Every structure is written in C-alpha cells, then in structure tokens.
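Heads up: the sequence shown begins at 481 in the working numbering, then just goes up one per residue.
Please note: incorrect hints may appear among the correct ones.
[What the hints assert, rightly or not] Derived DEER-like restraints, expressed as beta-carbon distance ranges:
| id | residue 1 | residue 2 | range |
| --- | --- | --- | --- |
| 1 | P667 | G710 | 21 to 29 Å |
| 2 | V521 | E549 | 37 to 45 Å |
| 3 | G528 | D632 | 19 to 27 Å |
| 4 | N488 | S573 | 42 to 50 Å |
| 5 | A619 | S573 | 29 to 37 Å |
| 6 | D541 | G579 | 17 to 25 Å |
Simulated from the structure, these hints should not be mistaken for laboratory data. This structure is a prediction, so every number in the text was calculated from the model and none was measured. Built from N, CA and C at the ideal position, the CB exists for glycine as well.
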Amino acid sequence: MIKKLDWNFETALDTHGVALERKPVEVLQINLGKLCNLACVHCHVAAGPTRTEIMTRETVDRILEWLDENPVNRVDLTGGAPEMQPDFREIVSFATKRGSHVMDRCNLTILLQPGYEWAAEFLKEHQVEIIASMPCYSAENVNAQRGNGVFDDSIKALQLLNSLGYGIDPKLKLNLVYNPNGAFLPPPQATLEEAYKRELDKHFGIQFHSLYCLTNLPVARYANYLKQRGEYENYMQLLVENFNPGSVEGLMCRDTVSVDWEGRVYDCDFHQQLGLNPGGGESYLWDLDLRRWNQTPIRLAPHCFGCTAGQGSSCGGALL
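Use the sequences and the hints to build the structure in full.
As structure tokens, this is what we get:
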C-alpha cells in the first residue's frame, strides 16, 4: 500500500511488481509551439494567444530530415494550436507522402479563425486524423474551461467537419477528447462516449468516431490552478490512491518520442513542459539514435500517477 502523500512513482511500480520499459518507437509526437487562439484553464502547455514560442523553419527542416531517415508509423502534431505554425502544411504533406499516419490535435475553433479557412479542406485532402478537444457536450462546462463562446464555435467546426465527411467516412477519423472540469477522475470512457454521441446527434446532428477520456495532469497551468484553489495535494493523493498497475502496459511513453518546439526530445509531452530530459541530459531529435533511445530508461515523476490512475490515460484515451 502506498503511504499517504507518497508521490514516488518508482515506489508504486515496485510495490505492484510492474516495470515501465520502452517498446519500439511507433509515434513521433511534435509540439509545434505554444501559440494558440485559446487559453484554456486545464492546458498543461500553458498555451495562449500571447505566447511567442513557435518552431522555426530551421528546426522543421532538421526534424523532417530525421523523419526521412527514420520513418515512423504515426506523426502526432500538437501545440498550442499546431495549425498556427507557418510550416504546418508542409510537415503534414511530407509525413503523409512517406507513409506516416498523421494526427492533428485540434482545438476546433481554429478552423473558423480568419486566415485558417484552408485548414479543414487541407486536413481532409491528406486524410489527417483529427483529435479534437471537446470537454463536454454542454455549453456551460465547455465555456467554463475554455472561454465564453468556445462551445458554439466548436459545434460549428464539428458541423463543418461532418459536412466534409469527418466522423462519417472511416478514412476521415474524427475523435473527441473529454477531460474533467474539476479535480476528479474521468468517468468510464465507453459510458461517456455513448452519452456524447446521443446528445451531440440529438441537438446538433453531429457524428464522430470515438471519445478519448483524459485525466488532467497536475502540470503547468493546471497545477497552478489547483494550487490557487488549495486542491493540489488532495488531487495528487487522488491520483496516487487510484494507481492502476494494469495501465502501465499501454502508457504512451513506451513507444513515443516527444519533441518540443526547439527539437529537444522527451519521454512525453508532460515531461516536455517541465524540462525533464530523458537520461538526465539534453538531446535533440536529429542526434537521436533509436537503438540507443530504446535502451534509455524512461524518466519517472509524480505527475506520472495521472496517466496510471483509474482506467489509465494516454493521448489515445483510457488504457483499460
């Protein structure tokens, strides 16, 4: 049994007799920067309209060169709003031409912004899988977490995507992302997906493929939010007490290389935001040898409990 407020993730693994080891790399997750048209309360990247961190053309070129020499099955583009990076379209085109399945972690509202009218059609043309943030099917909860008016714009964007075949055509994957609007764990994913599909279809005629339930990790802006409300320690304890050893097998850090806007590599997007370098030293993607990477231990931290609590949580939703 883990002691109260024992936030040592390695202790949890040892207590339950499970190991966290790498598998062959399947996913290259690229954070294109922290610039975003929204500033959501839960955002672990602390992205927003005033952030200036964004990937340069030189870094893009070096990443694409590495990808050309080290093809991966999936390229996962995130941000901020990844579409706001000037070379977004070239990155997508390059990766798809080389046979990678591309995923775009889209906030939906960007599709309606002036200057981004091209985005929806472009994503369809390249059969990019859209993973869209939609933390609830009610306006009140979405606007509280993401800002006034965001729910209505998200609905319009989903209707636009449906009109293009997203969420309907099996080749045009549209998956929504739920995360709690408070310091609690997500409900069972299958049950909530059923409710989302029923309510969004009934009220707005919207269809989508799958719902991903994500646990909010106490990192960056969300950690500050919890601390300001005096909920940080209780939330961490909730994560620790709900540690599920069965979730370790599916953790995203096992088969993913996470790259930040300057090209540095990390075990995951959450480590990236805290500057937790793998192996204790800074390294860049273009210097990465995958054989050596596979032998480098995954770095552990207290926020890892967020990915292993309850049904588990990864970039692809619940693990169990």
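Cross-check of the supplied hints:
1. P667 <-> G710: 21 to 29 Å: holds, 24 Å
2. V521 <-> E549: 37 to 45 Å: holds, 40 Å
3. G528 <-> D632: 19 to 27 Å: Taking Cβ atoms as reference, G528 and D632 lie about 20 Å apart, which means the hint holds.
4. N488 <-> S573: 42 to 50 Å: holds, 44 Å
5. A619 <-> S573: 29 to 37 Å: Hint holds: Cβ distance 36 Å, inside 29 to 37 Å.
6. D541 <-> G579: 17 to 25 Å: holds, 20 Å
Figure legend: structure checked against the earlier numbered hints; every hint is met.
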